[in-house]
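Residues per chain, in single letters:
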Amino acid sequence: MEDLENFRLEVREWLQANCPESQRQPMKREDQYWGGRRGKFPSEDAKLWFERMRDKGWTTPEWPKQYGGGGLSPQQGRILKEEMQRINARTPVYGIGIWMLGPAVLEYGNEEQKQKHIRAIVNGETRWAQGYSEPGAGSDLASLQCRAEDKGDHFLVNGSKIWTTAADKCDWIFCLVRTDPNAKKQEGISFLLIDMDEPGVSTSPIPLISGESEFCQTFFDNVKVPKENLVGELNKGWSVAKALLVHERKLMAEMGSDSPRKVLVPNAAAREYLEFENGKIADARLRSDLVDYDMQMQAVALTHFRTFEEKAAGVRSAAGMVMKYVGTEAEKTKSELLLAIMGSRGLGWEGDEFTAQEIDTARLWAMSKAMTIAGGSSEIQLNLIAKNVLELPQS
Amino acid sequence: MALVLTEEQRLLQDTAKDFLANNAPVAALRKLRDEKDPLGYSPDLWQQMAEMGWASIILPEAYGGLEFGFLGLGVVLEESGRTLAASPLFASAVVGASAILLGGSEEQKQALLPAIAGGELTLALALEESNHHRPTQISTTATAQGDSFVLNGSKCFVLDGHSAEQLIVVARTSGGDRDSSGLTLLLVERDTAGVSCQRTILMDSRNAADITFDNVTVPAANVIGQVDRGWEVLEPVLDRGRVAIAAEMMGVALEAFERTTAYLKEREQFGQLIGSFQALQHRQAHIQSEVELCRSVLLQALSTVDDAPQELPLLASLAKAKLNELAKRVTNEAVQMHGGIGVTDELDIGFFLKRARVAMQVFGDTGYHKDRYATLCGY
Ligand SMILES: Cc1cc2nc3c(=O)[nH]c(=O)nc-3n(C[C@H](O)[C@H](O)[C@H](O)COP(=O)(O)OP(=O)(O)OC[C@H]3O[C@@H](n4cnc5c(N)ncnc54)[C@H](O)[C@@H]3O)c2cc1C
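Protein chains in written order, with the working numbering: chain V, 1 to 395; chain S, 1 to 379.
Everything labelled a hint here was simulated from the structure, so no lab data went into it. In this text, all values refer to a predicted model and were calculated from it rather than measured experimentally.
Derived lysine-lysine pairs resembling DSBU-like cross-links, with alpha carbons at most 35 Å apart:
#1 Lys56/V with Lys250/V
#2 Lys17/S with Lys31/S
#3 Lys354/S with Lys387/V
#4 Lys242/V with Lys265/S
#5 Lys387/V with Lys17/S
#6 Lys265/S with Lys184/V
#7 Lys280/V with Lys328/S
#8 Lys250/V with Lys328/S
#9 Lys369/V with Lys328/S
#10 Lys17/S with Lys109/S
#11 Lys265/S with Lys250/V
Throw the hints in and build the complete structure from the sequences for me.
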């Protein structure tokens, strides 16, 4: 306990000395740094801040030191996060590599893969895409068809992936590919790392209802992939895939509480956009919707905290299993509530008649619809809870 | 803040589970109901509970207490919710004891708390005057007369009112109809002249009463806390009660939920177990997610009582509102998913349904606590 308190003081001091003032301001989407070959720092300060964090290993605080990580314990990691939040320090670098691929490679990869890919992620040198979904394989992911044929010294990959977030900006993609077309569907899948600069890889962006073009279809046309890029065993990729999904869902569950952008929250919006009478929101229905939301969010936040404490104490519970579902549903509720509170001011899509925050809120509302679909839809989450927590019979 | 139980608390939980399964199963409540038991609980059972220290879990050692804190109390109440055990645990050992502990003089504490801890003395809080929880809307009066007060008025929904030896009466000594100032708490022997008590038979087969006070003389020494400033004691007492009943409701809800899940794995229709129907799976899975959220809220609220009382009002309202909603949803779904047998008296599910409805009204319904939470949040 005392050690942790000392650690907190050290962290506080270090952040105070090393986090530039400009990196403690609310950030806009353009201010995010995602690393990779095409990554551009939004400012000199952002670069400085990133480099300082990287040198401490704190771009990935809890990863092992031998691969460039920070080597912190979960408790120390939490303290670092809390101390960063306390001064509004920006996240120095974002990425699917940090959130999803890294933990999977640390668990399933071999030594060379760790040396090569983990370091590159820690150093912000590679930006990763996730190649799971296909036009014919969404919720039923295991039915995927993208093929990798064994050609002796390499795999030959053919097929396509869809909904690949930011594929057009990424350097590498981790893919689930079919390596044994005759096996049961989960048993013929392998986990491959593919360099997107290889000939035969191409991407085509898909515009979303939020107006952004977050994701792409990614095509593989006779792409040669070296054998050393197989993570885990041949035809055993499904275990790697599932372990990675756990990280993805955890991330998505926390997105709301951990938003990278300065976003409007319903309580503050109510003060700005609603009439009050005698200290109360005059519209009784909106007041009641707001209190429902606030209560739910407090419950969700406490449950995040509980899952953390349980992990530290080595206690198992079902809490972690429900967080993707409750977290993303709560985000959707929040966006609808914001729109209701803002009325016609919440409808602005572009132009100077609306504030940047108003337009951002409307676009985030559209984006919130994606969160209960991506990473395993809410329906799939409920299926999983029914099967794995309640152990209900499967038809 | 502790969101994970300690080894000690888990042990207490196991002990409580065993004891209640053997000594106070749902069948015991059914028997009390069917036999129209005049007391509404078993004094032997209560004595045993007291011997295990349950009547004194939250009390300091100085007064014969176990000093186990609210988290300890919470696990026992939750287990007692699972078997619907009828006892003075809530009304006396939580609400009554808290009033004395938070408001009583040293003399009162010395005189009353060890007796409560030993299970020899039971208390009840005589607060409500209308069909909704309105803790400041008090028109029962206490008029000073020499060294005494004279009580007049009537109370309803007094939990354990017909069985408790002493009542803590919330009376108005000054102020207007709805003011929180001007309230005074008075300790009144239930068999004092002028007190008339009518037991009410509620759907949950537990114990409540309507009580009237007709020129009841109460010595001024029986004031708990200060005259006109009863609210300062009453509000935290109610918040403790809210958190405690929320713990009981967690047990009620979990038991009904688990019994239903078990039934889904056993009942066949259309040649398959009904638990394989996705329409039912998703509803149960949704409840599981609400259970997880409620679990965190409850643990936080229980530990707030001991660790951060200044945050208790917000947490108590959060916990009571959330558990009200959970208990309502779970018990309704439990009946529905059992089909026809779910609406029979023979199946225990109905007992959970009914207990949930009564508990939902205790110390504030969902609307009351949402309104209070919103007000505390400044809107
Ligand atoms: C913003 C966003 C980013 C994404 N990023 C990536 C990415 O980077 N990489 C990647 O590989 N994928 C990505 N995805 C894809 C995502 O994983 C899939 O969209 C998701 O798995 C759902 O698949 P689908 O779109 O084919 O929908 P479908 O599976 O066709 O589902 C349609 C509807 O049917 C329901 N349904 C399906 N099966 C069942 C069932 N068994 N029981 C009940 N209901 C069911 C679903 O819940 C849904 O409501 C992203 C998606 C979004 C929205």
